[in-house]
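Colleague: Line order of the protein sequences matches chains A and B. Going left to right, the first sequence walks through residues 75 to 147 as the numbering used here numbers them. Going left to right, the second sequence walks through residues 89 to 256 as the numbering used here numbers them.
No lab work stands behind these hints, which were simulated from the structure alone. Possibly wrong hints are sitting among the right ones.
Computed footprint of chain A on chain B, listed as stretches where at least three residues anywhere in the stretch have a Cβ under 8 Å from a Cβ of chain A [to be verified]:
#: 1; stretch: 115-129
#: 2; stretch: 165-175
In silico DMTMM-like pairs for lysine to aspartate or glutamate, Cα to Cα no more than 20 Å straight-line [stated by the list, open to error]:
#: 3; chain 1: A; residue 1: 99; chain 2: B; residue 2: 221
#: 4; chain 1: B; residue 1: 168; chain 2: A; residue 2: 97
#: 5; chain 1: B; residue 1: 176; chain 2: A; residue 2: 119
#: 6; chain 1: A; residue 1: 99; chain 2: B; residue 2: 118
#: 7; chain 1: A; residue 1: 99; chain 2: B; residue 2: 203
#: 8; chain 1: B; residue 1: 117; chain 2: A; residue 2: 80
#: 9; chain 1: B; residue 1: 124; chain 2: A; residue 2: 80
#: 10; chain 1: B; residue 1: 176; chain 2: A; residue 2: 115
#: 11; chain 1: B; residue 1: 129; chain 2: A; residue 2: 111
#: 12; chain 1: B; residue 1: 129; chain 2: A; residue 2: 81
#: 13; chain 1: B; residue 1: 117; chain 2: A; residue 2: 81
#: 14; chain 1: B; residue 1: 168; chain 2: A; residue 2: 93
#: 15; chain 1: B; residue 1: 124; chain 2: A; residue 2: 97
#: 16; chain 1: B; residue 1: 129; chain 2: A; residue 2: 80
#: 17; chain 1: B; residue 1: 168; chain 2: A; residue 2: 126
#: 18; chain 1: B; residue 1: 129; chain 2: A; residue 2: 115
#: 19; chain 1: B; residue 1: 129; chain 2: A; residue 2: 90
#: 20; chain 1: A; residue 1: 96; chain 2: B; residue 2: 221
#: 21; chain 1: B; residue 1: 176; chain 2: A; residue 2: 121
#: 22; chain 1: B; residue 1: 124; chain 2: A; residue 2: 114
#: 23; chain 1: B; residue 1: 124; chain 2: A; residue 2: 115
#: 24; chain 1: B; residue 1: 117; chain 2: A; residue 2: 111
#: 25; chain 1: A; residue 1: 99; chain 2: B; residue 2: 111
#: 26; chain 1: B; residue 1: 237; chain 2: B; residue 2: 220
A virtual CB, placed ideally from N, CA and C, is assigned to each residue, including glycine.
One letter stands for each residue in the lines below.
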Amino acid sequence: MATYVEEGNMPDELTEDTDFIKDLKINSANLVDIVLDTEEEFGIEIDNLSMERMLNVGAAIEIIELKLAENDR
Amino acid sequence: MWVRQLRSLSLNLQKMIGNDIVDLLQAAKDSDWQRKGFLDKLFTSEEQFLISSDIHPPLMVWLLWSMKESAYKINSRETKLRLFAPVKLVCNNLIIHDNKATGNVTYEGRLYYTESEISVNYIHTLAADVPEEIERAKVSIMDFHTDYKSSNPQSVSHHGRYLALAYL
Numbered sequence: 075m076a077t078y079v080e081e082g083n084m085p086d087e088l089t090e091d092t093d094f095i096k097d098l099k100i101n102s103a104n105l106v107d108i109v110l111d112t113e114e115e116f117g118i119e120i121d122n123l124s125m126e127r128m129l130n131v132g133a134a135i136e137i138i139e140l141k142l143a144e145n146d147r
Numbered sequence: 089m090w091v092r093q094l095r096s097l098s099l100n101l102q103k104m105i106g107n108d109i110v111d112l113l114q115a116a117k118d119s120d121w122q123r124k125g126f127l128d129k130l131f132t133s134e135e136q137f138l139i140s141s142d143i144h145p146p147l148m149v150w151l152l153w154s155m156k157e158s159a160y161k162i163n164s165r166e167t168k169l170r171l172f173a174p175v176k177l178v179c180n181n182l183i184i185h186d187n188k189a190t191g192n193v194t195y196e197g198r199l200y201y202t203e204s205e206i207s208v209n210y211i212h213t214l215a216a217d218v219p220e221e222i223e224r225a226k227v228s229i230m231d232f233h234t235d236y237k238s239s240n241p242q243s244v245s246h247h248g249r250y251l252a253l254a255y256l
């Protein structure tokens with residue numbers, strides 16, 4: 075993820091509330107790369123409805139856990 | 089009494105503009121629009137057709153993207169809702185003439201008008217609830233950083249080398 079964060083904007087610690095756009099200043103066009111990277115990394119498919127709320131670290135974790143659980147079923 | 093208040097409130101709501109600038113050099117560096125899944129997650133099938141049939145596909149990618157972004161900026165201010173739903177922002181009626189493009193973006197049942205400027209280095213789009221606001225708005229594009237807060241712009245967009253400010 076650090077790939078999409080401009081130098082100096084990466085905090086020492088990420089929390090669930092860390093917002094990709096507001097806190098990490100990630101360009102909104104690069105949000106889609108985070109979604110695609112997450113899909114590739116975890117072997118999941120993030121549908122558009124889930125993607126809608128993938129704006130912070132907490133939501134991303136929640137979606138990954140949900141999709142991984144669906145894959146296990 | 090409350091009817092009048094409501095009416096003036098809704099009139100105020102209508103006067104909104106949003107703007108978005110894409111630094112084409114920065115975009116080429118940061119995004120691989122040909123990456124698998126990239127276009128599917130951002131664009132409708134009609135928009136993807138516009139991209140694939142354009143003589144310069146990346147320019148169409150960033151034109152459509154800046155239309156969506158500028159309209160989204162108005163909507164998120166109006167509704168106070170933040171969502172990453174680019175495919176729900178649908179670009180329509182796109183007409184490109186020389187270095188200008190006009191069009192509409194619909195989102196969650198609302199319609200926004202857009203006007204874009206396409207230059208060698210950037211694409212800039214101004215969006216508004218009503219077409220007259222686009223005519224009335226003043227846009228200032230700079231390739232340096234400046235303290236703009238006191239000038240009170242209604243919409244600020246920053247990307248790569250560029251800062252775009254829109255005033256009503």
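Colleague: Any hints this thing doesn't respect? Which numbers, in order?
Modeller: 3, 7, 9, 10, 12, 15, 16, 19, 20, 26
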